[in-house]
Amino acid sequence: MDVKGWVRRAAIFLAGNAILLFARFVTAVQPVWAGSAPEQRQRIYFANHTSNGDFVLIWAVLPRHMRQRTRPVAALDYWLTTPLRAFVGRDVFNAVLIDRRPEMRTEDPLEVMLAALDAGASLIIFPEGRRNEAPGGLLPFRSGLYNLGAARPGVELVPTWIRNLGRVMPKGEVIPVPLNCTVSFGAALHVGEGEGREAFLARASAALAALGAPAAPGGTGGGAP
Amino acid sequence: MNGPASGDLFVLLLAVAVILIVATVIGRILRERYSPDGTNAVVENLYSRILAWWGMVALLGLAFLAGRLGVVLLFAFCSFAALRESLTLTATLRADHWSLVACFYLVLPFQYWLIWTDWYGLYTVFIPVYAFLFLPIVAALRGSAENFLVRVAETQWALMISVFCISHVPALLTLRIAGFEGKNVLLIAWLVFTVQFSDVMQYVWGKLLGRRRIAPALSPSKTWEGFIGGTLTASVAGTLLWWITPFSPAQAFVMALAVTLLGFGGGLVLSAVKRDRGVKDWGNLIAGHGGFIDRLDSVIFAAPVFFHLVRYFWASA
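Respectively, the protein sequence lines represent chains A and S. Once you know that position 179 of the first sequence is 179 in my numbering, the rest is easy, because the numbers rise by one and skip nothing. Just so we're on the same page, my numbering is the position in the second sequence counted from 1, plus 1000.
Simulated from the structure, these hints should not be mistaken for lab results. This structure is a prediction, so every number in the text was calculated from the model and none was measured. All C-beta atoms, glycine included, are put in the ideal place defined by N, C-alpha and C. Don't take each hint at face value.
What the hints assert, rightly or not - Estimated spans, in silico, between C-beta atoms of each pair:
hint: 1; chain 1: S; residue 1: Asn1040; chain 2: A; residue 2: Trp33; range: 15 to 25 Å
hint: 2; chain 1: S; residue 1: Asn1040; chain 2: A; residue 2: Gly35; range: 19 to 29 Å
hint: 3; chain 1: A; residue 1: Glu133; chain 2: S; residue 2: Tyr1312; range: 46 to 56 Å
hint: 4; chain 1: S; residue 1: Gly1278; chain 2: A; residue 2: Val7; range: 47 to 57 Å
hint: 5; chain 1: A; residue 1: Trp33; chain 2: S; residue 2: Arg1212; range: 34 to 44 Å
hint: 6; chain 1: A; residue 1: Arg9; chain 2: S; residue 2: Ile1029; range: 46 to 56 Å
hint: 7; chain 1: A; residue 1: Trp33; chain 2: S; residue 2: Arg1028; range: 19 to 29 Å
hint: 8; chain 1: S; residue 1: Tyr1130; chain 2: A; residue 2: Arg197; range: 52 to 62 Å
hint: 9; chain 1: S; residue 1: Tyr1130; chain 2: A; residue 2: Leu21; range: 30 to 40 Å
Claimed, not checked - Which stretches of chain S does chain A cover? Using the computed rule of at least three CB atoms under 8 Å from a CB of chain A, they are:
hint: 10; segment: 1074-1084
hint: 11; segment: 1088-1097
hint: 12; segment: 1100-1112
hint: 13; segment: 1277-1288
Unchecked claim - If you want the ones that stay clear, here's a sample from chain A, every Cβ over 12 Å from chain S, calculated:
hint: 14; residue: Asn17
hint: 15; residue: Ala37
hint: 16; residue: Arg85
hint: 17; residue: Asp99
hint: 18; residue: Ser143
Start from the sequences and build out the full structure, keeping to the hints where you can.
If you want it as structure tokens, here you go:
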């Protein structure tokens, strides 16, 4: 009997659920399906990046069967630095780990992500590349989103806006403040035929920014019991 | 359930269950007639509201069953969820991080600990005085003057609404009323029933007869017909329940009128805040209803005044 493997799977299961429970307790996170439906399709969710907990929230609002096939793309040079981070990043989140340091790389990040897509996974990426602390606009997108979309045209590119998480835990703070968060999923994009890199990235950035523009969210009709 | 209140509480819960069964049957009939394919938004919303009511009543019943600790913990959690909702709508900055951390992890638990230990002299002034003075100091120490008055005022308001006011519901358990020993949980049951029944009947009368809007800019669903019909119906219901309270029938009517009028005011004020911030609901945790504050708005305004009226006129020291 593979006791060690069994213990490991139990630890992964417990840690994953504990993280989800904590995230829900602090943020009461709710999905807003504004153009995409919660359906099992192969997707790349591209999201704004304001906090280290970003992909946990996306994960938390996806239905279980979709969550199991959705892998965040994360920095190997961050997640493999300590055994605990490695356990959480590689085992619990099942992250696709890519090295941000060109001089240390043994594999091309694009190839690593394409391999994960070809194995059937959906991905979560943050095309701004680093955490955006300025309120307001998005940082310029990196090219990865375009390269992935052009190489695998059948995969849906879904803009995903995480609202409020940057206020829950601003960079440099250790204790999260509970505030309600939402994750909005917009209509899927595809790289158009003959569409250039700049044009597509501008279109993708505009779609994500439009999703994050303040608008009155849907409600139940106000005031009634 | 045991103790002197159990019989009365059982009758009240039974009556609520009967009301909910009737509502569920009506909801299903409406659904079959007007929304067989689930596309009539009003009917679907009504039905999910009714189902959520089952859950809320069950939760409150369980808390009553668990006794004083259950009630204090339930309302502490309501305060937590309400504070999370109300601070979400404020214009706080990074510089407020430590005062917000203090709201959640110090002020809220301490207020409920004071309620638990029955420290009346402190739980009535802790947030209006100590938090009021202490939190702006913490915010000022972070050094940002940007929007300062708005930020500290909004934070204080969120605390008063979400923690101070809601904590006066479990505080009813600490009152000592001669001849009513061990039955204080019935005060909570009566208050919550009367105020929430008023909300429900305002909705029903408004949907049936509502014509003249009271404040169209604040709340499109509040009409004079609904307001008068709802508060009167609920006041009569509260009067008919006088036997579970320390009140005479006439006193029960006056108290019911007071809490339903305050409850109406709470709904109006908290609607105004939502309109100001451009949202329709405070949250979306309670299916069909919105957030915790959407459901508790009337109780929030009624509870502190009800507490002090009962304490002044009925309690002994």
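Results of checking the hints against the structure:
About 21 Å separates the C-beta atoms of asparagine 1040 of chain S and tryptophan 33 of chain A, a value consistent with the hinted range of 15 to 25 Å. The hinted window of 19 to 29 Å between asparagine 1040 of chain S and glycine 35 of chain A holds, with their beta carbons roughly 24 Å apart. Under the hint 46 to 56 Å, the C-beta atoms of glutamate 133 of chain A and tyrosine 1312 of chain S, about 52 Å apart, fit the expected range. About 50 Å separates the C-beta atoms of glycine 1278 of chain S and valine 7 of chain A, a value consistent with the hinted range of 47 to 57 Å.
Our hint of 34 to 44 Å for tryptophan 33 of chain A and arginine 1212 of chain S holds, since their Cβ atoms are close to 38 Å apart. Between arginine 9 of chain A and isoleucine 1029 of chain S the beta carbons are some 49 Å apart, a value that agrees with the proposed interval 46 to 56 Å. Distance hint for tryptophan 33 of chain A and arginine 1028 of chain S: a CB-CB separation of about 27 Å, consistent with the stated range 19 to 29 Å. About 58 Å separates the C-beta atoms of tyrosine 1130 of chain S and arginine 197 of chain A, a value consistent with the hinted range of 52 to 62 Å.
Checking the proposed 30 to 40 Å range against tyrosine 1130 of chain S and leucine 21 of chain A shows it holds: the Cβ atoms sit about 32 Å from each other. For the segment 1074-1084 of chain S, the stated coverage by chain A holds: 4 residues have a C-beta nearer than 8 Å to a C-beta of that chain, and at least 3 were required. Counting residues of the segment 1088-1097 of chain S whose C-beta lies closer than 8 Å to any C-beta of chain A gives 4; at least three are required, and the coverage claim holds. Against chain A, the segment 1100-1112 of chain S contributes 4 residues with a C-beta closer than 8 Å to a partner C-beta. That satisfies the three-residue criterion, and the hint holds.
Coverage of the segment 1277-1288 of chain S by chain A holds in this model, with 8 residues showing a Cβ closer than 8 Å to a Cβ of that chain against a need of three. Every C-beta of chain S lies more than 12 Å from that of asparagine 17 of chain A, the closest at about 19 Å, which supports listing it as non-interface. Alanine 37 of chain A, annotated as away from the interface, keeps every beta carbon of chain S farther than 12 Å; the closest lies near 16 Å. Against chain S, the non-interface label of arginine 85 of chain A holds: every CB pair exceeds 12 Å, the least being about 24 Å.
Every CB of chain S is more than 12 Å from the CB of aspartate 99 of chain A (nearest about 31 Å), matching its label as outside the interface. The beta carbon of serine 143 of chain A sits about 31 Å from the closest Cβ of chain S, which is more than 12 Å, so the claim that it is off the interface holds.
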